[in-house]
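Undergrad: The residues making up each chain are set out below.
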Amino acid sequence: MEVMPKWAEVVLVPVISLLLAAIISGMVIFAIADVPEADTMQAAFALRIDYVWDAVKLMVNGALGSTYGWGYTLYYATNFMFTGLAVAIAFHARLFNIGGEGQAMLGGLGVALACLYIPWPHWSLALIGAMVMAGLFGAIWAAIPAWLQAKRGSHIVITTIMFNFIAASLLNYVLVNKLRPKGQMDPATARFPEATSLPTLHELLAPFGIAFSKSAPANVSLLVAIAACVLLWVLIWRTRLGYEIRAYGHSESAAKYAGISPVKITMIAMIISGALAGMMAINNVMGEAERLVLNATEGAGFIGIAVALMGRSHPLGVFIAAILFGFLYQGGAELALWTSIPRELIVVIQALVILFTGALDNMVRMPLERMFLWSRRRRAPKPTRTGG
Amino acid sequence: MDAYLTLIQLLDSTVRLATPLLLACLAGLYSERAGIFDIGLEGKMLAAAFFSAAVASLTGSVWIGLAAGIAASMALSALHGVASITFRGNQLISGVAINFLAAGMTVLIAQDWFRQGGRTPSLIGGARFEGVTLPFADALEPVPFIGPLYSELISGHSVLVYMAFAAVPLTWWLLFRTRFGLRLRAVGENPAAVDTAGVSVVGLRYAAVAICGVLCGIAGAYLSTALQAGFVKDMSAGRGFIALAALIFAKWRPWYALWATLLFGLFGALETRPDVIQSLIGVKVQGQLLGALPYLMTVIILAGFVGKAIPPRAGGEPYVKER
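Top line first, the protein sequences correspond to chains A and B. Oh and the first sequence: position 370 is 370 in the numbering used here, straight run, nothing missing. Oh and the second sequence: position 183 is 183 in the numbering used here, straight run, nothing missing.
In case anyone wonders, no lab produced these hints; they're calculated from the structure. Computed from a prediction, not measured in an experiment: that's the story for all the values here. Please note that a few of the clues may not be correct.
Once the Cα atoms are required to be at most 25 Å apart in a straight line, the calculated SDA-like pairs of lysine to any residue come out as [to be verified]:
#1 B/233 x A/340
#2 B/233 x A/30
#3 B/233 x A/374
#4 A/178 x B/233
#5 B/233 x A/333
#6 B/321 x A/374
#7 B/321 x A/4
#8 A/151 x B/301
#9 A/178 x B/301
#10 A/256 x B/284
#11 B/233 x A/151
#12 A/178 x B/291
With beta-carbon atoms standing in for the labels, derived distance ranges [what the hints assert, rightly or not]:
#13 A/193 x B/113: 46 to 56 Å
#14 B/196 x A/373: 44 to 54 Å
#15 B/255 x A/191: 25 to 35 Å
#16 A/116 x B/169: 53 to 63 Å
#17 A/191 x B/113: 40 to 50 Å
#18 A/122 x B/300: 36 to 46 Å
#19 A/362 x B/200: 13 to 23 Å
Don't be surprised by glycine CBs; every beta carbon is placed ideally from N, CA and C.
Chain B with its partners taken away, still in its complex shape (with noise of 0.2 Å):
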């Protein structure tokens, strides 16, 4: 029963630590799935993080504070879009750029409205996200087994989690049961086709883009106002490389994204147990190895040594209309 306790706690937070990632991949994949390639999904997450903790912070309301980081993260998405649709620069000079821009503007801002050193001050009450309580939750605590994996794992999450789980069969079902997923994957595959056929890339890309920013914009919304309480400098670290690696990873669908930011999440929530591990395989792993492993894993799926990420083919061309 302890081990189980264990056990149950371990998923509980891989589920806390894997909802930005998701967040992030679903984001990554929309943009990618029409030919945008988007390394700007750290810096996205970050521009929201701060933004939905800062207004969160001065109104009181969380909704504010998630509508605010939506807004920011679009507004990247929207550079990203006017550089590589419009104006057909490099899709990944301008992620970095979109990086940068974020970590950079977050703490002068930060350092400008709050005058903490790069922070917002903490959050309480209404301008945090708390966990929700799902129906019957405590009256099914007692019950053995199906009590803690109730009330501890599927219930007292934030909504934002909730969301992010939702947002795996809707991207689904948007991408592979509907002509306007049709057409985007078909916009990332082979454009000239769509143009041929009369619906407008650019139209399609920006679209794609402007999802990619909503997702972005709840994942830094989860960072800050749900998983934290309050915004710090850096906060992201590293998750929308992590979010990258993970899209890679599930080859570019839905449904695989969901489990690659679940192990993910998992290799996250190992490593603040190290103890855990230890008693399972009996040897001491290295938490670095752990937090390395994301990265080593998508290296060698990308190298097709164990089976083959063949990314849109489209991915990172502005498209030209050729005359």
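Isolated chain A, as found in the complex (with noise of 0.2 Å):
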């Protein structure tokens, strides 16, 4: 029985559970703030709060205050989006994919290997034959894991963190031994040729008429993101396939009764997750860094966790969850640029949000469910005696 309208699913219960994890960060802020002495208790206190709304307007104004600012919020946004769209496509089959990170790791390896070894003649060619290959890498670095879980019985979860593992291992191994140029200190390839740099938004831009900044990275990855949303949204809810996904996500037995078989779809779902999250590295491997660095990823595979539980696994909400994420992660920047307060703090607000969204659901739900139908009973009519 559904016990919530459905705007009350899709919006107030996100919301609330945003919210909450907003609160509790402003109360971060506020307990570690970096504030003079105060003579009395109110006095500290407005002081503290002053501190609070300063480091929101700092945020906002550092993530979208500016074409600079929004550059980066779009950039990181994009990360966000493909590893998002991954975790959420596995949701739909009752996988859980932690492997993000590692799949895109992989991914990055795809790109720097098509990047270095091919010459292409055009970036338009390059992004194409790099969207291959990193999905082609991620999708493995995805489907061995699903091999293991649909035909040997090996916990999902469990192996995709240790392919997480792995995969750093295998990349520090590749980087420091194979791809490094001879004579170079740091881990990293060479710098990937001219002929696969991406255009950024400010050269996409321009021909409108638009100003855009120069310096910050986001790319035309970033439209293959949005695409890559339109696409998953066709593929969940207007395929077979799609269909055949999320019945097995509902219920297994029921799925297997209906003839779809599990090892088909755990594989598919997997695959299409591991493709998703390993094509993060176009943005962040060939759009931003044009070479193959040791830490790429920088943590997006496991953002891509709290993407999709606060978009409800749906296409359009982790396209705004991974707005949203970018502005937290800019603003964060730039409140550890300019403030004494770490830059990890959004590691904090990406883990109240998990819990909250995630983990948590239910303490928000519950007390919802229980209103709803309060103001159902009141409302529906007194039941008649009939007949006798």
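Mind assembling these two chains? They're in different frames, but the hints should get you there.
TA: Structure (structure tokens):
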């Protein structure tokens, strides 16, 4: 039985979870505020409230106040769209892909190989080639845990965690021993050739007469990410495969009874998931760094979990949540630059979002459900006796 | 004799590196045997590492530090309990949240308290666990073979190491020889049966999660006050996940957990001594391969290619009383 109306399910619950996370984050900033000693409690309180308010303003200004800020916000958001979609599609099949980080690392390796060893004539072809390689590498890295889950019954969460570490070791080995140019100290590949350089939003928007910051890293990958959101929506809600994935996610036994193969769905969902996570590399490796460095993913694979949870695994939700997290990331970087608040504040906010929208979902939902039941009972007409 | 001394040194660092893994592995064992998956071991260790180092450096007493570390770890355990037992949330997601919460909060608080870029001051004197010299260690040292074995390998570790090793038989006894242990294991296999017998499923699971918190607290305190002298950002460095791997490797059994964590500790010790492997097998083994070996082995074990690891049957599922 549906207790809550749809709008409450889709809007109210996430908004309340988010508010809770925001309030606690505010309290954290309040507690670590760097303020001078005050004479009275009230004065100290006021100083700290001012500090929190200034921090919020700084974040908003730094992330959204200029095209430079927007450029970074959208750059981060592009990463999170890919990893968020990756977690979301797996969630639809009731699979928890915690390995987005490792898959994105492998995707980076794919992009590096594509850009370094194939002489691309134009960036558009290079982009397609890099997408294929990134998706392929990410998909392979997700397919192994998927196969182990489907065929050998090993828990996909544990295997994907292990694969994150194996990916990190593998990448470390490849960068230090194989791809590092001679005479270079830091474990990174050579710079990619000029032809693979992706156009930034500055170059894309200039023909339309829109002046966009030159130094911000947001690039054409953003459009690919948005296209991925749309395509995934079509896949999940408008195709037979999407229906099968959702059916499998809702009830494995019912799906089996309907002739849906669990092995097939597990494999396909995870391969799509891994390919999406891997494709993040066209943004951070090809679009921004233009070479593969050791810690290229910077935890974006894990943020995908928060993004997917907040976006309720819906591509539109993922899109919005990714932009919000992009804002938090860029705002947090600005905070770290101008105040004594470390960048790790974002990690705390991310944890709180995962906690409230994911693990403590029922804590938010239960009182709301009770409220809606109560109001429905009040509105419903009293049952009348009929017959005798 | 030279080779023997190298071996002793290697085993000595094996023991040092295995201790936090063992404590965290046993912590996970209690939790998962009671049906609560815990991928938040890493976060709990990290929080405990910070709070024990921070409080030890502020008070000058490592024991107060240890208590603070355990308290921090138990607070996160309580959060995990509330999310996964009371509100029947997803245990895996709760664990992920706890890991990030610890990773972020430790740096924020460290910066606020000490202003040293997310670390604590170096611990000196009574703010750190020193090695314990066991009786006769000095007297026995000149004796060939037994001397180095006793004075180097067995003696000279911090008290937490001995606690960790003592926790293995204790855990075995508690889980397999007491009524509490029987019920705890039952609640991880078939909570409905435990409930029918009139025993509180919720109570047992909270007890297991609390024990898990205590052990993770000791593991974290060991990292920052015994293995190293102070807290640095992200110092647990994936040990919580290696402990999780060891737990699967050990098939959720206490004695196996000891061997698994010692094996993984040995890998860690070998990683810092590539010369030993080279002289032993004549081939240069990449450090990255050794680092990845625990994870690779866990994947292989989990896939059932070498023996089968069967987790507690009710693991990961919130218990809902049918009405």
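Undergrad: All the hints need checking, so say for each whether the structure fits it.
TA: Verification of the hints:
1. B/233 x A/340: Answer holds: residue 233 of chain B to residue 340 of chain A is near 16 Å, not above 25 Å.
2. B/233 x A/30: holds, 22 Å
3. B/233 x A/374: violated, 49 Å
4. A/178 x B/233: violated, 30 Å
5. B/233 x A/333: holds, 18 Å
6. B/321 x A/374: holds, 23 Å
7. B/321 x A/4: holds, 23 Å
8. A/151 x B/301: holds, 14 Å
9. A/178 x B/301: violated, 30 Å
10. A/256 x B/284: Distance ~50 Å between residue 256 of chain A and residue 284 of chain B Cα, so the pair is violated.
11. B/233 x A/151: With a Cα-Cα distance of about 39 Å, the restraint between residue 233 of chain B and residue 151 of chain A is violated, given a limit of 25 Å.
12. A/178 x B/291: holds, 18 Å
13. A/193 x B/113: 46 to 56 Å: holds, 49 Å
14. B/196 x A/373: 44 to 54 Å: violated, 30 Å
15. B/255 x A/191: 25 to 35 Å: This hint is violated: roughly 53 Å between Cβ atoms.
16. A/116 x B/169: 53 to 63 Å: Given range 53 to 63 Å: holds, Cβ gap about 55 Å.
17. A/191 x B/113: 40 to 50 Å: holds, 42 Å
18. A/122 x B/300: 36 to 46 Å: Roughly 44 Å apart at Cβ, these two residues keep to the hinted range, so it holds.
19. A/362 x B/200: 13 to 23 Å: At 20 Å between Cβs, range holds.
Going down the numbered hints, you'll see the structure goes against 3, 4, 9, 10, 11, 14, 15, while the others check out.
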